[in-house]
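Trainee: Using the sequences plus the hints, can you model the full thing?
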Amino acid sequence: KTGEMAKLTQLIDNDIFRAYATYATIVLLKMMLMSLVTAYFRITKKAFVNPEDTASFGKGENAKKYLRTDPDVERVRRGHLNDLENIVPFLGIGLLYAFSSPELSTALLHFRIFAGARIIHTFAYLIPLPQPSRGLSWAVGYAVTVSMAYKVLKTALYL
Amino acid sequence: KTGEMAKLTQLIDNDIFRAYATYATIVLLKMMLMSLVTAYFRITKKAFVNPEDTASFGKGENAKKYLRTDPDVERVRRGHLNDLENIVPFLGIGLLYAFSSPELSTALLHFRIFAGARIIHTFAYLIPLPQPSRGLSWAVGYAVTVSMAYKVLKTALYL
Amino acid sequence: KTGEMAKLTQLIDNDIFRAYATYATIVLLKMMLMSLVTAYFRITKKAFVNPEDTASFGKGENAKKYLRTDPDVERVRRGHLNDLENIVPFLGIGLLYAFSSPELSTALLHFRIFAGARIIHTFAYLIPLPQPSRGLSWAVGYAVTVSMAYKVLKTALYL
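Heads up: the protein sequence lines correspond to chains A, B and C, in order.
So the first sequence is numbered by the numbering used here: it starts at 10 and just counts up by one.
So the second sequence is numbered by the numbering used here: it starts at 10 and just counts up by one.
So the third sequence is numbered by the numbering used here: it starts at 10 and just counts up by one.
One should not assume that every hint holds.
Identical chains share a label here; the pair holds if one copy fits it or two copies do between them.
Straight-line C-alpha distance at most 25 angstroms; calculated SDA-like pairs for lysine to any residue [said to hold, decoys possible]: (1) Lys73 to Ile122; (2) Lys54 to Gly144; (3) Lys54 to Tyr151; (4) Lys68 to Ala48; (5) Lys160 to Gly67.
Please keep in mind that the hints were generated in silico from the structure rather than gathered at the bench.
Small disclaimer: the values here were computed from a predicted structure and weren't measured.
Mentor: Below you can see the structure in the form of structure tokens.
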């Protein structure tokens with residue numbers, strides 16, 4: 010099976026695919042960070058949702074008071090969900106875009122702007138920055154994804 | 010690197026991969042539309058969740074009254090989450106299915122039914138249509154994904 | 010187009026890609042099961058969120074009392090969302106990892122541990138098992154994904 014193995018290696022040697030792999034991994038790692046930020050706020054603000062998570066605080070009413078929502082925790086969770094809603098389309102459409110023969114420089118531009126927009130979006134959401142910071146950074150990532158989708162459909166359309 | 014570039018192009022020349030690229034992009038764009046519908050209802054119904062989003066309505070109690078949930082906004086958000094829960098499996102399993110040597114006509118049938126079912130599901134959720142419209146359209150998309158998963162495991166199983 | 014078709018077939022002949030296809034499909038099917046578990050609890054506990062879902066229970070107040078949240082339903086939904094947050098990164102990073110020329114045995118180790126951790130996480134969440142069962146199984150899947158991301162970036166980094 011050395012033949013096929015070589016072919017898989019060749020794909021990762023393609024610059025466009027490498028760029029996609031790099032930026033897709035970066036935005037996914039950024040999204041994964043939201044889990045750690047949520048955990049950090051749940052622990053420091055003592056705001057949990059599962060009874061079994063408060064067992065170490067004792068029993069009965071003593072533990073029950075930590076089963077509550079906290080604005081900071083909820084804010085991170087909304088940012089996390091917004092990541093899912095926007096990074097999933099980027100993952101799928103971006104992969105197909107990488108196979109639709111874009112110019113390397115154009116592809117890099119799309120990937121870099123998307124990743125930058127989502128990182129800014131995260132800061133805008135968590136600090137939070139005044140609007141329209143969050144709205145604009147969201148819109149930029151959205152527009153980049155639509156632009157890649159247009160290229161995919163133009164190249165591959167097969168209904 | 011012209012060699013590998015050519016290979017990437019060849020993939021998008023494959024009819025099954027093109028069909029997958031087309032329908033995956035369509036359902037992802039449809040899912041992305043849910044963000045715009047949510048924003049539309051948040052603005053028209055004046056129902057926001059982040060304090061910084063209501064700053065333009067003034068300060069204090071005047072802005073605070075727009076920090077509220079609205080049934081229409083919540084309905085769109087549930088439709089959006091249901092999309093995530095069902096389109097993510099389609100994206101992953103569908104891509105692997107495209108590589109499992111299905112008949113082109115069979116693959117098209119799967120992709121078309123899934124995309125159609127999810128579009129009907131969206132209308133059934135947002136209008137809303139009486140049940141079992143939403144339940145059935147959900148089940149059809151679910152069954153199509155399970156059928157593709159069966160083909161993937163039959164072809165590729167390597168534990 | 011026989012040439013390209015053959016190439017698609019060759020990909021599924023690669024052992025690492027087959028292992029990825031197998032484990033990605035397994036964790037996605039597991040995630041899809043959460044929808045059925047949610048539906049099961051919604052029906053058995055009579056706890057719905059959409060008015061059109063309770064129409065069969067009659068009209069007015071009689072149906073309205075079933076529009077409520079139930080702790081068991083909410084627990085399954087949290088498990089489902091946690092799956093999305095963790096399985097989406099695995100899908101994307103795992104696919105790129107499969108193309109980054111890992112050793113087959115190393116790749117299998119990553120895929121098997123991730124799938125096992127997510128299955129344990131589901132049981133830990135739904136039964137529920139006392140902590141740190143859920144926390145640990147979550148962390149193991151998280152660490153495996155970070156390990157694959159490291160390999161992808163080491164192999165493919167192209168900023």
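Trainee: Now, for every hint given, state plainly whether the structure supports it.
Mentor: For each hint, the structure was consulted:
When the C-alpha separation of Lys73 and Ile122 is checked against a cutoff of 25 angstroms, the pair qualifies neither within a copy, at 45 angstroms, nor between copies, at 34 angstroms. Taking the shortest Cα distances, Lys54 and Gly144 sit within 25 angstroms of each other only across copies (18 angstroms), while inside one copy they are farther apart (27 angstroms). Taking the shortest Cα distances, Lys54 and Tyr151 sit within 25 angstroms of each other only across copies (23 angstroms), while inside one copy they are farther apart (33 angstroms). In this assembly of identical chains, Lys68 and Ala48 lie within 25 angstroms of each other by CA distance solely inside one copy; the values are 22 angstroms within and 32 angstroms between copies.
In this assembly of identical chains, the alpha carbons of Lys160 and Gly67 never lie at most 25 angstroms apart, being 57 angstroms within a copy and 42 angstroms across copies at closest.
This entry does not satisfy hints 1 and 5, going by the numbered hints stated previously.
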